[in-house]
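There are 2 protein chains.
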Amino acid sequence: MDIVSISDLHSNKVKINSSVIIKGWVRHNRSSKSGISFIDMYDGSCFHTIQIIARNILVNYYQEIIKLTVGCSIVVYGKLIESLGRNQVYEINAKKIQIVGLVKDASNYPMSSKNHTIKHLRKHSHLRPRTNFIGSISRIRNGLFHALHKFLFDREYYWISTPIITGLNSEGGGEMFRVSTLDFSNVPKNNFSNVNFEHDFFGRESFLSVSGQLSLEAYACSLSKVYSFGPIFRAENSNTSRHLSEFWMLEVETAFSNLNDLIVLSESMLQYSVNFILEKCSVDLEFLKKTLDLNIISRLQEFSKRKFIVIEYKEAISILKKSNEFPNKSIFLNMNLLLEHERYLVEKHFNFPIIIINYPRSLKAFYMKLNKDNETVAAMDLLVPKIGEILGGSEREEELKNLDERFSEFSLKKDSYWWYRDLRKYGTVPHAGFGLGFERFLSYITGVKNVKDVSPFPRTIKNFNI
Amino acid sequence: MDIVSISDLHSNKVKINSSVIIKGWVRHNRSSKSGISFIDMYDGSCFHTIQIIARNILVNYYQEIIKLTVGCSIVVYGKLIESLGRNQVYEINAKKIQIVGLVKDASNYPMSSKNHTIKHLRKHSHLRPRTNFIGSISRIRNGLFHALHKFLFDREYYWISTPIITGLNSEGGGEMFRVSTLDFSNVPKNNFSNVNFEHDFFGRESFLSVSGQLSLEAYACSLSKVYSFGPIFRAENSNTSRHLSEFWMLEVETAFSNLNDLIVLSESMLQYSVNFILEKCSVDLEFLKKTLDLNIISRLQEFSKRKFIVIEYKEAISILKKSNEFPNKSIFLNMNLLLEHERYLVEKHFNFPIIIINYPRSLKAFYMKLNKDNETVAAMDLLVPKIGEILGGSEREEELKNLDERFSEFSLKKDSYWWYRDLRKYGTVPHAGFGLGFERFLSYITGVKNVKDVSPFPRTIKNFNI
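Residue numbers (the numbering used here), protein chains in the order written: chain A, 1 to 466; chain B, 1 to 466.
These aren't lab readings, by the way, just hints derived from the structure by calculation.
This structure is a prediction, so every number in the text was calculated from the model and none was measured.
Warning: the hint list may mix true and false statements.
What the hints assert, rightly or not - The calculated label-pair distances, taken between Cβ atoms and stated as ranges, are: (1) A:205 with B:240: 24 to 30 Å; (2) B:364 with A:293: 34 to 40 Å; (3) B:81 with A:3: 55 to 61 Å.
Unchecked claim - Here are the simulated lysine-lysine pairs, BS3-like style, with alpha carbons at most 30 Å apart: (4) A:425 with A:150; (5) A:119 with B:67; (6) A:79 with A:119; (7) A:425 with B:13; (8) B:13 with B:414; (9) A:96 with B:401.
To be verified - Reference excerpt, derived from the structure (chain A facing chain B, CB under 7 Å, subset only): (10) 185; (11) 218; (12) 223; (13) 246; (14) 247; (15) 248; (16) 385.
Just so you know, even glycine gets a beta-carbon here, dropped at the ideal spot from N, CA and C.
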């Protein structure tokens, strides 16, 4: 007898009439008066359950089997047969069912079979992967993660782990979390009554990184094609459906490349990933189609084929002005696009993801390369319906002289960036890169509105309980 | 003319006599009196360089080309030809060489062509990937990372991102970094003069995770086979060649599995990864063989084939006692094995990696499952020469009653672990898992003695500068 997963059963890896052992949990149990229990069993290996047919000839039928409730763990010994039922292809004729773990106080089991609200699920991050919904999201998340890695590995991009603990603000702004081992109730001060960070673990002020880009550039200026993919931390006071304080970001950096290369690379990477999901996670997508987003599959198919629309920032402003959707004075050149503007462009005007390029210099970070007009930077943002920006990138300023001017412009101390400046002193090369917000992209793919529901254990302001 | 990488040239993807464009950096430049420059050029895509033949008929030959120093960035337009030289198969006959970035003050370039000490390289984490040594390590690191992911993906393990910011100490001990946005110079206190963490970002005390295991168990109890792979933080005051304050850890957790399954899984995973490196990184390994470890390839080949040796903790103690290598009283049952003991066992006694199982309960964490002897836990540590432990795992206590007793034994507040206890209340299953220290394994594979040199931007106590 082989131990098999439910995924094995549904991918025809097991022959009909084989004797098998299956280990998992009860999704549903219905006992008929004629002495048969029909147990739907899941093990998380795929969306499918397998139906177990248990008859009253089993020794523990009346004492244990008919009492099984949702969530109980069992080991089933039986034979794989073709099902006569309309809802499944296979089922298991059980020879023996061993009860492994019961659900204590079943009526209060937080993942009982009734429908739960998404908010209820959020309170139970540790149990919600047991539901069809979060199970599917988790498998798609896994698929997307591997698709992105595979795309880059196949193209000989090298994965680099950029540091999380840092002394530098890579974006030159934005809120950071401090990392410390100092005794908070008795913080050491220096002669000027300032906190003396020499006593701290690293002997200096330390923070959680808001981006690995600057360190990644050091590797792009050595290995040419590199990427990082890890957690990123932002201490922003933004309690929206699009913000997490801890999220995963994929950052890609390529030496000798420009804005156009970035657009081509990011388009093919995102389309490759969506194709990967369409192929590998079709059953989970079918479930989301039924329950969440009727158009999910056609939407993803279109995304995976159609060329992204590229427009200039100036064009975007002019479209918004002409739209009459916003007060006339609220739309002007050099303004920061708000979510409502982004959504108008992608959802109403273009009805498809768009890339906006060449933003005003004042709106973007210090490291972005100025265009020849001296007013805009060679930057791109990819916007998608509902969510807005999921990916942003730019050419990086590679001339030391220009970079130093940008430090002054942003009132940043260039000495803090000494090593970043070294990259321009020694064999500098034009290079460009982008960052992809993993949860936002996943949210777009799955149609799940809130990024809290596509992250296993979301961290947001004033809020994490598990 | 196609833009190609040096890796393309050396993997026969480009036909002889093709016109190509290559972008990269000068590793070495030698000009003959007869008016020819031989430029060794690298782009990081592989260990190899490509030799560029530049003749004095090129317009910028005397003004620029002969002055090129190590580290300068160039774009070469030329034809791929077979080399007559003994040191290379191919070379490029240059039609045009465009200088992209010079090295300012070349004699002070920190990565000049002379031999640098490993300590010198550490001071320049941002430039050291330009060296052959750190370039090779980086490519092997990338290979190992992908090998581990691929092994688990192919076996339908799902990748889960466990949270970094946490309120819980997963190991029930050990030093953690605090994460905060409080103003350190003016920490808010409550009525009892204690720090009032309600004012902090998350409204509670928050730390960097020392392990993702407990959260991963929640997913193993839903999806059966899961893993996480991300950065881990330990604020230990250990300034050794084996400790980093920030490192990457692979954690694997499997429902319905036991200690024996763990041993089988970890052995096949590590052997698969080493085989992957032997195949994909052979040129980088050849370089390390020449410069660092003469036996590296035979050592890895043996590792990838030979079954790991498994011994009981008790046996380990008895071997150490008999060895006469340590003062007699210093070896006793229930003692913690020190690095010197581990090294004696793997380097002198067995001369091969070993797995020690069934450690005394007092030496291991609260979540490990007690064996029937009530004295030992179903745990394993994998030890390798030079480095000691690289992987540790155990069965997890799945019975709520026993787990609660363990909380008492370790003086841990069980209420803090309420959600972890839930996993035992609702359909508990036997499960087991392990954690692999990525940098330690990489250090073993490469023969690099200090983990600081296999991590791109190492963080250790009182020490990070980039």
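Hint check:
1. Our hint of 24 to 30 Å for residue 205 of chain A and residue 240 of chain B holds, since their Cβ atoms are close to 25 Å apart.
2. Separation of residue 364 of chain B from residue 293 of chain A is about 47 Å and departs from the stated range, judged on CB atoms against 34 to 40 Å.
3. At roughly 58 Å, the beta-carbon separation of residue 81 of chain B and residue 3 of chain A lies within the given 55 to 61 Å, and the hint holds.
4. Between residue 425 of chain A and residue 150 of chain A the alpha-carbon distance is near 34 Å, which puts this suggested pair outside the 30 Å criterion.
5. Restraint check for residue 119 of chain A and residue 67 of chain B: the C-alpha separation of about 67 Å exceeds 30 Å, so the hint is violated.
6. With a CA separation close to 40 Å, the supplied pair residue 79 of chain A and residue 119 of chain A exceeds the 30 Å bound.
7. In summary, the hint linking residue 425 of chain A to residue 13 of chain B is not supported, as the alpha carbons are separated by about 34 Å, beyond the 30 Å threshold.
8. A threshold of 30 Å between alpha carbons decides the hint, and for residue 13 of chain B with residue 414 of chain B the separation of about 61 Å lies outside it, so the pair is violated.
9. Distance hint between residue 96 of chain A and residue 401 of chain B is fulfilled; the C-alpha atoms sit about 27 Å from each other, no more than 30 Å.
10. Proximity of residue 185 of chain A to chain B holds as hinted, the smallest CB-CB distance being about 5 Å (cut-off 7 Å).
11. The restraint placing residue 218 of chain A at the interface with chain B holds, with a minimum CB-CB distance near 4 Å, inside the 7 Å limit.
12. With a least beta-carbon distance of about 3 Å to chain B, the hint placing residue 223 of chain A at the interface is held under the 7 Å criterion.
13. For the restraint placing residue 246 of chain A at the interface with chain B, the shortest Cβ-Cβ distance is roughly 5 Å, inside the 7 Å limit, so the hint holds.
14. Of the supplied interface hints, the one on residue 247 of chain A is violated, with its beta-carbon coming no nearer than about 9 Å to a beta-carbon of chain B, more than 7 Å.
15. With a least beta-carbon distance of about 6 Å to chain B, the hint placing residue 248 of chain A at the interface is held under the 7 Å criterion.
16. Taking 7 Å as the C-beta cut-off, the interface hint given for residue 385 of chain A is violated, the closest approach to chain B being about 25 Å.
The structure does not agree with the numbered hints 2, 4, 5, 6, 7, 8, 14, 16 stated previously, though it agrees with the rest.
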